[in-house]
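Enquirer: For the protein sequence lines, the chains are B and E, in the order given. For reference, each letter of the first sequence is one residue, going 1338 to 1579 in my numbering. For reference, each letter of the second sequence is one residue, going -9 to 318 in my numbering.
Source of the hints: derived by calculation from the structure; they are not laboratory data. Some hints could be false.
Unchecked claim - Once the Cα atoms are required to be at most 25 angstroms apart in a straight line, the calculated SDA-like pairs of lysine to any residue come out as:
1. B:Lys1498 with E:Gly191
2. B:Lys1403 with E:Ile203
3. B:Lys1545 with B:Leu1509
4. B:Lys1498 with E:Arg205
5. B:Lys1545 with B:Ser1517
6. B:Lys1498 with E:Gly183
7. B:Lys1568 with B:Gln1538
8. B:Lys1498 with B:Thr1456
9. B:Lys1498 with E:Lys157
10. B:Lys1403 with B:Pro1499
11. B:Lys1498 with B:Ala1512
12. B:Lys1498 with E:Ser180
13. B:Lys1403 with E:Gln179
14. E:Lys157 with E:Pro144
15. B:Lys1471 with E:Gln179
16. B:Lys1563 with B:Pro1384
17. B:Lys1471 with E:Arg181
18. B:Lys1403 with E:Arg106
19. B:Lys1498 with B:Arg1420
20. B:Lys1498 with E:Ala190
21. B:Lys1498 with E:Ser192
22. B:Lys1471 with E:Gly183
23. B:Lys1545 with B:Arg1420
24. B:Lys1498 with B:Arg1529
25. B:Lys1498 with E:Ala204
26. B:Lys1471 with E:Ile203
27. B:Lys1545 with B:Ala1560
28. B:Lys1471 with E:Pro144
29. B:Lys1498 with B:Ser1477
Unchecked claim - Restraint-style ranges between C-beta atoms, simulated for each label pair:
30. E:Leu10 with B:Gln1476: 36 to 46 angstroms
31. E:Glu129 with B:Glu1411: 40 to 50 angstroms
32. E:Leu10 with B:Gly1521: 43 to 53 angstroms
33. E:Asp77 with B:Pro1437: 48 to 58 angstroms
34. E:Glu129 with B:Gly1510: 51 to 61 angstroms
Computed from a predicted model, the values in this text were never measured in an experiment. We put the CB at the ideal spot given by N, CA and C, even for glycine.
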Amino acid sequence: MSVLASDKGNVPLLEARDISASYGHVQALKPTSLHIAEGELVTILGPNGAGKTTLMRALTRLTASKGNVFFRGEEITGLSTPRLARRGIVMVQEGRGLFPQMTVRENLVIGAYLHPAETDTQMASVFELFPRLKERLDQSAGSLSGGEQQMLAIGRALMAKPQLLMLDEPSLGLAPRVASEILGTLRELNRRGIGILLVEQKAPLALKLAQRVYVIALGKIVAELKTDEIKSHHDLARYYLH
Amino acid sequence: MTSHVTTSIEPSGIRWQSILPIVAVLALAGLGLVSSDYIVTVLGFAFIYAIFCTGLNFFMGYTGQASFGQSAFAAIGGYGSAILSTDYGWEPLLALLATMVLSGIAAVLVGYPTLRLRGHYLAMATFALGLIVYEITIEWTALTQGYMGYSGIPPLGIAGFALDTLKHQLVALVVLSLIGVGIAARLRQSRFGRALASIAGSESAAQALGVDIARYKLIAFVIAALYASAAGSLFAHFVGFISPEIYGTTMVIQSFAMLYLGGIGTMWGPMIGAIIVSILPEALRGLKEMQDIAYTAVLIFILIFAPRGLAGLSVLFRRAHGRVQEKA
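Extracted from the complex, chain B is given alone in its bound form (with noise of 0.2 angstroms):
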């Protein structure tokens, strides 16, 4: 494993470095870098098709992938998935992945595979955080609602603690209201210390919470910026914060 120079002198918690994917003899991402900070919360738009999800995918290696990767400056290109993992990569997919046949409990206790002596406590403290969990717990998850299925989906991701966790459409199919329950503990958990990296069709909503965006255009990243800087380009500022 050789340990990335970094070029800000800062080693940021993830770095990609022309990571690229392909299906079959479709490139759905061409090749394409990023970086995310220690505690950031970075959301990445774009429309769909884009290659936001094979972006994400490629990251946690369960889309092979081209390019190198670092975690904290240490190189972890072509790790598995479960060693990403080990190492506190986590990802929440698109349409949640959730063992539906499962109860509550059941879907906790497997996200603390990696750290079984520690489910009670990060149980615990999933159920701070999401309290209508605890009232569900011996229900299957396949029975839950659409905004405590998308909790117990981050609920499990977060047994597993993970240090950089991502996020695929958290708000997909969610009542605005709920949309922005959900995404309001994301804030909660980047105050904890969790890196985020967040990819969101609801651009208004992710761009409250992110420090910095990334735009994806026919699989490549086209932009690079501060939240904020965004309502300073007008092409931009016209298609997502509206």
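Assemble the complex: chain B is given as a structure, and chain E must be docked to it using the hints.
Expert: For chain E alone, kept in the frame of chain B given last:
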């Protein structure tokens, strides 16, 4: 932060669900012991299949994978046990254990490349495995005696004490099948079992939580092979004769019927399915030429009205009971 939350994945207060099936199995075995040898033989087959299906449940039920080739490991167990105990004079129990080890090694060698496949491709690859071993049992006559079959296989024995009556053997089979279910239940409740269940739920989500799915699939496949091998050996020692057809496609179809009828992915489903599917044709024997039609109709009826299998009915009952209690 002192919230006390039970992390056991089974809800509390359902002890009867574990005890009732054990009592039912023991009652059935007791009934067998006072019945004719014919009934004892039918029950013996049921408990052998219960062991086979309990193993298959690991791979198909708990892990959510497809295998049409577990009969191959039953054949390795059956022929291995027959050859070692008949030609080389090994103790049957020792022969059974040795062939389980052999089957486990074979499962690792076959499973490592095969389990990279998914869905229908995995099903076809495992089906091919079953066919290959079936052909070997027919063609390698010097070892297996081909269609002539292998006869004179000694009954199972423990420490020099041969279980030479059918009723003794039935008792042994009941005990072994209950041990098999007990081991499966313990493993299902463990961290290992939860990892298998997460693979069945969503492979990518399981990976994202740190579960090494390739490793766990292989372990589940090997466990299923060990159970299948033991079942194959027990069949050989129980009947005293084996031939290729015993470990053929019929075994696969039969075990699928048992698994789905009893309740795939449940603890007692394989045992319940094995008993029902084994006993039902005998119970309907009086219908003569209508027997097969009635048998099939009953199976279809059960699958329509209990799509999660007979063991799944207990879950529905528990939920209904919970709703009644909530209203009260």
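Enquirer: Decide, hint by hint, whether the structure agrees.
Expert: Status of the hints after comparison with the structure:
For the given pair, Lys1498 (chain B) sits about 21 angstroms from Gly191 (chain E) by alpha-carbon distance, which is consistent with the 25 angstroms threshold. Restraint check: the Cα-Cα separation between Lys1403 (chain B) and Ile203 (chain E) comes to about 22 angstroms, which is no more than 25 angstroms; the hinted pair holds. With a CA separation close to 17 angstroms, the supplied pair Lys1545 (chain B) and Leu1509 (chain B) stays within the 25 angstroms bound. The hinted pair formed by Lys1498 (chain B) and Arg205 (chain E) meets the criterion: a straight-line CA distance of about 23 angstroms does not exceed 25 angstroms.
Between Lys1545 (chain B) and Ser1517 (chain B) the CA atoms are separated by roughly 10 angstroms; this keeps the pair inside 25 angstroms, and the hint holds. About 21 angstroms separates the Cα atoms of Lys1498 (chain B) and Gly183 (chain E), which keeps this hinted pair within 25 angstroms; it holds. This hinted pair checks out: Lys1568 (chain B) and Gln1538 (chain B) have alpha carbons roughly 18 angstroms apart, not beyond 25 angstroms. Distance restraint check for Lys1498 (chain B) and Thr1456 (chain B): the Cα-Cα separation of roughly 10 angstroms lies within the 25 angstroms cut-off, and the hinted pair is therefore satisfied.
A threshold of 25 angstroms between alpha carbons decides the hint, and for Lys1498 (chain B) with Lys157 (chain E) the separation of about 55 angstroms lies outside it, so the pair is violated. Of the supplied pair hints, the one linking Lys1403 (chain B) and Pro1499 (chain B) holds, its CA atoms being roughly 24 angstroms apart against a limit of 25 angstroms. Pair hint Lys1498 (chain B) plus Ala1512 (chain B) does not hold up; C-alpha atoms about 28 angstroms apart against a cutoff of 25 angstroms. Our distance criterion of 25 angstroms between C-alpha atoms is met by Lys1498 (chain B) and Ser180 (chain E), whose separation comes to about 21 angstroms.
Between Lys1403 (chain B) and Gln179 (chain E) the alpha-carbon distance is near 39 angstroms, which puts this suggested pair outside the 25 angstroms criterion. A hinted pair counts as satisfied when its Cα atoms are at most 25 angstroms apart, and Lys157 (chain E) with Pro144 (chain E) qualifies at roughly 15 angstroms. A threshold of 25 angstroms between alpha carbons decides the hint, and for Lys1471 (chain B) with Gln179 (chain E) the separation of about 21 angstroms falls inside it, so the pair holds. The hinted pair formed by Lys1563 (chain B) and Pro1384 (chain B) meets the criterion: a straight-line CA distance of about 19 angstroms does not exceed 25 angstroms.
Distance hint between Lys1471 (chain B) and Arg181 (chain E) is fulfilled; the C-alpha atoms sit about 21 angstroms from each other, no more than 25 angstroms. Taking the CA atoms of Lys1403 (chain B) and Arg106 (chain E), the gap is near 21 angstroms; set against the 25 angstroms cutoff, the hint holds. Between Lys1498 (chain B) and Arg1420 (chain B) the CA atoms are separated by roughly 14 angstroms; this keeps the pair inside 25 angstroms, and the hint holds. Proposed proximity of Lys1498 (chain B) and Ala190 (chain E) is supported: the alpha carbons are some 23 angstroms apart, at most 25 angstroms.
Of the supplied pair hints, the one linking Lys1498 (chain B) and Ser192 (chain E) holds, its CA atoms being roughly 20 angstroms apart against a limit of 25 angstroms. For the proposed pair Lys1471 (chain B) and Gly183 (chain E), the alpha carbon gap of about 23 angstroms is at most 25 angstroms, so the pair holds. At most 25 angstroms may separate the alpha-carbon atoms for a hinted pair to count; Lys1545 (chain B) and Arg1420 (chain B) exceed this at roughly 32 angstroms. For the suggested pair Lys1498 (chain B) and Arg1529 (chain B), the alpha carbons sit about 12 angstroms apart, so the restraint of at most 25 angstroms is met.
Distance check on the hinted pair: Lys1498 (chain B) and Ala204 (chain E) sit about 23 angstroms apart at the alpha-carbon level, within 25 angstroms; holds. Restraint check: the Cα-Cα separation between Lys1471 (chain B) and Ile203 (chain E) comes to about 29 angstroms, which exceeds 25 angstroms; the hinted pair is violated. For the proposed pair Lys1545 (chain B) and Ala1560 (chain B), the alpha carbon gap of about 18 angstroms is at most 25 angstroms, so the pair holds. Using a Cα cut-off of 25 angstroms, the hinted pair Lys1471 (chain B) and Pro144 (chain E) is violated, with the two alpha carbons roughly 57 angstroms apart.
Taking the CA atoms of Lys1498 (chain B) and Ser1477 (chain B), the gap is about 23 angstroms. The hint holds against a cut of 25 angstroms. The hint said 36 to 46 angstroms for the Cβ distance between Leu10 (chain E) and Gln1476 (chain B), and at roughly 25 angstroms that hint is violated. A hinted range of 40 to 50 angstroms is violated for the C-beta pair Glu129 (chain E) and Glu1411 (chain B), which are about 55 angstroms apart. Under the hint 43 to 53 angstroms, the C-beta atoms of Leu10 (chain E) and Gly1521 (chain B), about 48 angstroms apart, fit the expected range.
At roughly 52 angstroms, the beta-carbon separation of Asp77 (chain E) and Pro1437 (chain B) lies within the given 48 to 58 angstroms, and the hint holds. At roughly 57 angstroms, the beta-carbon separation of Glu129 (chain E) and Gly1510 (chain B) lies within the given 51 to 61 angstroms, and the hint holds.
Going through the hint list in order, the structure does not satisfy hints 9, 11, 13, 23, 26, 28, 30, 31.
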